[in-house]
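Number of protein chains: 4
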Amino acid sequence: MAIPQNIKDEMKARRRDFHKYPESGWAEFRTTAIAAEILEKIGWKVRFAKDFIDPDEVMGYNVVPQKERTRAISQGADKKTLAKIGAYTGLAATLDTGRKGPVTVFRFDIDCVETEEAHDAEHLPEREGFSSVNPGWMHACGHDGHAAVGLALAEMLMRKKDGLRGKIRLLFQPAEEGVRGGYAMAMAGVADDADYFIAMHLGLGKPTGSVSGGTGGFLCSTKFDADFRGIGAHAGGEPERGKNALLAAAAAAVNMHAISPHSGGATRVNVGVLNAGEGRNVVPPNAHMKIETRGESAELAAYVYAKAKEVIYGAAQMYDVDVSISKQGETITAESDRKLAALIMSAAEGAEGVTLLEEYRSMAGSDDACWLMRRVQEHGGLAAYVGIGASTAAGHHNNRFDFDEEAMPIALEVLLNSATLLNGTGGTPAVLDN
Amino acid sequence: MAIPQNIKDEMKARRRDFHKYPESGWAEFRTTAIAAEILEKIGWKVRFAKDFIDPDEVMGYNVVPQKERTRAISQGADKKTLAKIGAYTGLAATLDTGRKGPVTVFRFDIDCVETEEAHDAEHLPEREGFSSVNPGWMHACGHDGHAAVGLALAEMLMRKKDGLRGKIRLLFQPAEEGVRGGYAMAMAGVADDADYFIAMHLGLGKPTGSVSGGTGGFLCSTKFDADFRGIGAHAGGEPERGKNALLAAAAAAVNMHAISPHSGGATRVNVGVLNAGEGRNVVPPNAHMKIETRGESAELAAYVYAKAKEVIYGAAQMYDVDVSISKQGETITAESDRKLAALIMSAAEGAEGVTLLEEYRSMAGSDDACWLMRRVQEHGGLAAYVGIGASTAAGHHNNRFDFDEEAMPIALEVLLNSATLLNGTGGTPAVLDN
Amino acid sequence: MAIPQNIKDEMKARRRDFHKYPESGWAEFRTTAIAAEILEKIGWKVRFAKDFIDPDEVMGYNVVPQKERTRAISQGADKKTLAKIGAYTGLAATLDTGRKGPVTVFRFDIDCVETEEAHDAEHLPEREGFSSVNPGWMHACGHDGHAAVGLALAEMLMRKKDGLRGKIRLLFQPAEEGVRGGYAMAMAGVADDADYFIAMHLGLGKPTGSVSGGTGGFLCSTKFDADFRGIGAHAGGEPERGKNALLAAAAAAVNMHAISPHSGGATRVNVGVLNAGEGRNVVPPNAHMKIETRGESAELAAYVYAKAKEVIYGAAQMYDVDVSISKQGETITAESDRKLAALIMSAAEGAEGVTLLEEYRSMAGSDDACWLMRRVQEHGGLAAYVGIGASTAAGHHNNRFDFDEEAMPIALEVLLNSATLLNGTGGTPAVLDN
Amino acid sequence: MAIPQNIKDEMKARRRDFHKYPESGWAEFRTTAIAAEILEKIGWKVRFAKDFIDPDEVMGYNVVPQKERTRAISQGADKKTLAKIGAYTGLAATLDTGRKGPVTVFRFDIDCVETEEAHDAEHLPEREGFSSVNPGWMHACGHDGHAAVGLALAEMLMRKKDGLRGKIRLLFQPAEEGVRGGYAMAMAGVADDADYFIAMHLGLGKPTGSVSGGTGGFLCSTKFDADFRGIGAHAGGEPERGKNALLAAAAAAVNMHAISPHSGGATRVNVGVLNAGEGRNVVPPNAHMKIETRGESAELAAYVYAKAKEVIYGAAQMYDVDVSISKQGETITAESDRKLAALIMSAAEGAEGVTLLEEYRSMAGSDDACWLMRRVQEHGGLAAYVGIGASTAAGHHNNRFDFDEEAMPIALEVLLNSATLLNGTGGTPAVLDN
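Protein chains in written order, with my numbering: chain Z, 1 to 434; chain F, 1 to 434; chain H, 1 to 434; chain D, 1 to 434.
Calculated directly from the structure, the hints in this document are not laboratory data.
Keep in mind it's a predicted model, so treat the numbers as computed, not measured.
Please note that a few of the clues may not be correct.
The list treats identical chains as interchangeable, and a pair is accepted whether it falls inside one copy or across any two copies.
Claimed, not checked - EDC-like mimics (lysine to aspartate or glutamate), calculated; alpha carbons at most 20 Å apart, straight line:
no.	residue 1	residue 2
1	Lys45	Asp162
2	Lys206	Glu238
3	Lys79	Glu335
4	Lys20	Asp9
5	Lys309	Asp320
6	Lys327	Glu278
7	Lys339	Glu299
8	Lys309	Asp322
9	Lys84	Glu37
10	Lys309	Glu240
11	Lys100	Asp404
12	Lys50	Glu335
13	Lys206	Asp78
14	Lys79	Glu296
15	Lys67	Asp404
16	Lys327	Asp51
17	Lys80	Asp227
18	Lys45	Asp433
19	Lys8	Asp404
20	Lys84	Asp54
21	Lys45	Asp56
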């Protein structure tokens, strides 16, 4: 099913617009507002996250919504739409064909990475005028493309509505970076009725033209902060009155990395950030660490996270300082259903630009789409995570990351064909039988 | 010698003005400009630091002068005066009586502390409208008062010029915090001709009304930074490609604090600040530490500084990262001459508001006035460091520090009387004989 | 080929004798002497290790041979045989049939573990009177059984000599624990002419009756010591004169365990032993650590060993102490040839007591038989490491380890049948063709 | 009062005998037995420690008395005397003149250091045939001389009994090393009736001929052990099943040395000994540390001991291992009474060989005689700790320590003269009046 040129052009323009105005997790007010307006305009029924997620399930929320809304307005977001969004970004949009049939849910993540984009002429987004205007924020993982593909898919599906049955739902998910938003979306039950669930990611180390129908082997990961609070004192005059939070954190960092490996599989610890102290001549009264632990399985992830907490509490005791640990994000592992992956493969066959197909692929990283995949599978549905290859200028999260925009029409066609196969009025495709 | 009320009022107003516009070490462009204008107006001969200090002797210079000058202008400094100041703040002002007699040098330090001032109504400077408008900078050590007292002393001495002989010089020294500026001033020879040298500090843990004629036992101190540079990598995907600067710094911090004490006397190590890493899921490619080492004697200070460097280099080797150490400041110890202290005591006797006199006092901290004291003593002069008690709202360097302004007239009278005794036309006071 | 009862009885008696007089690596004088006497008596041609190994290839030699020979004599070894053994234990015994045919080499390791055997009645060797009489030494890995099986195999082969062709060689290898002796044996070329090489191990977590024809996936491992030398001093009186080797070692231990995992596969670090210091009130002048590093591949093993050395040298620099690193043992990984494993499987089929057969098995541990396996394979021969299951009272290296002696006749029959298939006058078995 | 040559010769011979048979703290069975026999023979009334000390007050008792008694017998001690000694070494011997007068108590410590004596010809005790025959034990602190001087003093006093009044008591104290035995002696009240108490030490960094009448400024010290218990596991196969006691101890060691210094005065921490682990390839299940903390005052000692415990418990928590801390010894600080020191000075004046007198001296180390000094002072008596200079071949506790035996007659004469002044029938010396 060929993609019209105007749809391709619009998709590329939107991706560049999103790229220029990247928004970090839980701060995607402009992106959510723009997506909502487009979706409503073409007839999708939009529900905002604030109307279905449970604030208690939200992880890693550290924005000041008033401030971000003000910014979003200054960058073109509609004030009235923002009022409807409230404090929680993201949305779910549904197309109900009115005909009996399966429920298919697609997930697109929309947040950016917290890194400062390169601003020299060798970097294409700079050269072509759409590099980030938001300091410290950059679409360095392709979610700008995900959002644009999602909106184009919405338009194409609406055009083909008469040949479809059942319901199709598009999730525009906030805060995938740091694996924070997926959990709240899953727990809200927004995909509980799904017969089929498909998440999509561009790039992932594969060149434009390659398609992986089903991805699995995600690492379970826990993201958390440790906040040490001691007591400051004059380091020369009366050091004994201080309680040294910096040394507690330093001891915790080294000993956390010394957590024993596990015979059950790979584990990881990373103290990625440590900031401590106030002045050169003051016993440091505070220290803050950003940490992540990972494991190949839920058990391994739990093992290393539990050990890390022991180290942190022990280090705090060593220096008689207080410490609090706050979970900032968490994700599990998941596996794509082979049947659904096979269907996606058949949807990809013959799509324009597709040159390489693989049914399964193992993923070294983490994605909180796993929460949604698991939830759908637990409710009896099938789930798949499709990888759409895209040549890139640098690795994911690098400040020179940029992906080949030719991958977007491929993604769109693969998803559109998949939807047509799953929800076409012709009935359940053979590949899903037995 | 009573201080006129208008002088007292002006001194207080100036102190509050300086307090509102605090300037960190080597950034005291506004303070220097205002002092220069006042001094020149009343007849002192002003020389700016840039015309006598050797840039090679300057430690811990980390400001962008163009940027600070722009700020200073926006905060009322005169553009033409700033042009004369160049890149180095501070000045020396001389009153030559034309009469044969001794050279007496007074030193006032003028920089602020790098801390964010409290901004609630319980804090007097906030309540009375003169709290800092410069974010992250605060006069939390009383140098605003030192500058104001110095200018009032200039005025009083000029009024009494006809009863004086010899020369009097006032040093307005930059960058005492971090013990950075005193060395360059001393090495410039700006006090080499001094027969008498007097430094003054307000507060120091004593209440208003107390005066310590001579202070000694300063700790020798070295201030330095360590900058670790490793290699970032995806902490989950390929951690082995990283070189972990955070762990190198953490190991250095803990082991530096484990440097053995010395039977020769007290030593101190403080890793006051540690900032490391870029993102939670990236092997930290960088780490920066602000450190100070101290010792009761030059030998002890050298011992602990040498050990600290060994630890840092060893930690870098452990994690295969690069490290550079840069000295940011340094000071030695010094002792007040008892004779000069005794003279100051006699100058303090009968001064308004003085309730407690002590000839000698031991100081737990460091002050780079020591460089000037030693230099004067090596050239055959006498030096003293006078402590003027001032009740305070909180300890020095605390963000709620504020001192009792009633201490300023006391300081002024003690210094003025001292100058009159030393440089009065009546000849050398008996206390200095034998 | 059934094993006569008297052979079984003798094998069991010898195992118990070896168990009672365990000898640590490079100290197996009694074991070597007894084996030599038996082998020579029944007609094997014995060459002692000292006559073929190169002392420069010997790793981890830390015995005083004179002392161990004296002990061996007191425990029944023959003085004249000991004289022939010299300083290096172990031997190679050859049976040359005189008929043209392949060369088959079997390897039996003979040393014990350095652990103190349990001496209570719940421990069978104690109850039945053959627990270790050598303090701190114990056959806790089954090598007593290996030696006994090897001698029984020698006897059985000699009995069946007329049905054999080619040559058969039995290696009684010293110092497998700590992977020290295998390298010297391999480098001596003692298996270079082998067409077939078979190593055997009892136990390995499998119950009596199971046989694994080919084992692979051994971990590469490096065993090494780090010896820190500082300077002692009175810890109260003049601590600064000391150089603290204990703290250097402690810092090295923690930071060595913090070496980053590798995306290429599993790695391990273990600081197994740390002994430091002389007295409570003396700055510790010395520290000694026993360390091992492992990796799933040679590259991974090299990665972690190189990192460990960096940490050690860095820690020594931190505390200004000297350190030397000495390699005590090393082994590589190896894989059993599937063809030879298949032949062993066919040799095991129908052997008395065999209940479970598996062609391949992955090994979590290390064995320096790998040096011999690789050497044989590089010279064009086939190699296999056969696992003979044996139920055990506790895990390998535990002080309550004891294995089911019923496994010995199984081991003997499997090896005997293998030899008969390989060196039988009937020619090369079909399973090796293709 | 000149010392007869035969007394000198006998004293030297006894010192060499004690030196040859050194006995560690609480193991001084031979020394106690020999002293008891001599003292009883010349008429002193001997009470053994077991008859007055409270076992609950005994610290750091870690000998097996049966075993040590057997050794003592084999080294010449009398069996019947040993029976009277029981399990606790040490004794108190009293000479009651029958005449009314003051009670004067002298204390001599008798235990050795746990170090292996040098055994080459450069070491005088080896060359002259009286080096230690007890492996790992050595009189490296001069207590062999103390015991010999004490016995000679007993003899001289008995000879001069008719010129004396009041009572004189000699304490032969066990276990001074590790400051273990003094507390039990003091708590037993064995010096509660003392008007005068004098302890004596040879050496202390001063040459033969110097005498310090009163010593003070002893460091308060706590000696304690930390015993970490984790779980062993195969370090390659399943490291996650282990709980690493070695790493817990290593982390504790480094961080304990990082305890902040105190503005109130000097403190010390020393992890003197660390032994951990069982085998190179086993996750270390155990670690044992010998630690001492010191402070210039009781408050400082308490500060650093409390901090050390926090570090130990925190480190155990970090590695999820158990730890127990057991106090092995403890002492306080004390000051010599200046009056009694002055009397000792007058006793030393004119003594043969005395060349240098000083009334007061500050001591860098610790001695549990302080418990006795304090107890006596609390009961209204005067106490002094007299230093008798003795040139030495190497520092105290060094394995080449040996002292100039010419110091012994000086010590004897100073103590004898002191006793004569204090308990002479002539009455209280003038120096003690007012």
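Hint check:
no., hint, in the structure
1, Lys45 with Asp162, "within (17 Å within a copy, 90 Å between copies)"
2, Lys206 with Glu238, "between (58 Å within a copy, 16 Å between copies)"
3, Lys79 with Glu335, "neither (40 Å within a copy, 67 Å between copies)"
4, Lys20 with Asp9, "within (17 Å within a copy, 55 Å between copies)"
5, Lys309 with Asp320, "both (16 Å within a copy, 11 Å between copies)"
6, Lys327 with Glu278, "between (25 Å within a copy, 19 Å between copies)"
7, Lys339 with Glu299, "neither (27 Å within a copy, 37 Å between copies)"
8, Lys309 with Asp322, "both (13 Å within a copy, 17 Å between copies)"
9, Lys84 with Glu37, "within (11 Å within a copy, 58 Å between copies)"
10, Lys309 with Glu240, "between (27 Å within a copy, 16 Å between copies)"
11, Lys100 with Asp404, "neither (39 Å within a copy, 67 Å between copies)"
12, Lys50 with Glu335, "neither (29 Å within a copy, 58 Å between copies)"
13, Lys206 with Asp78, "neither (37 Å within a copy, 60 Å between copies)"
14, Lys79 with Glu296, "neither (44 Å within a copy, 58 Å between copies)"
15, Lys67 with Asp404, "neither (33 Å within a copy, 40 Å between copies)"
16, Lys327 with Asp51, "neither (24 Å within a copy, 57 Å between copies)"
17, Lys80 with Asp227, "neither (38 Å within a copy, 49 Å between copies)"
18, Lys45 with Asp433, "neither (31 Å within a copy, 69 Å between copies)"
19, Lys8 with Asp404, "within (13 Å within a copy, 71 Å between copies)"
20, Lys84 with Asp54, "within (16 Å within a copy, 63 Å between copies)"
21, Lys45 with Asp56, "neither (26 Å within a copy, 69 Å between copies)"
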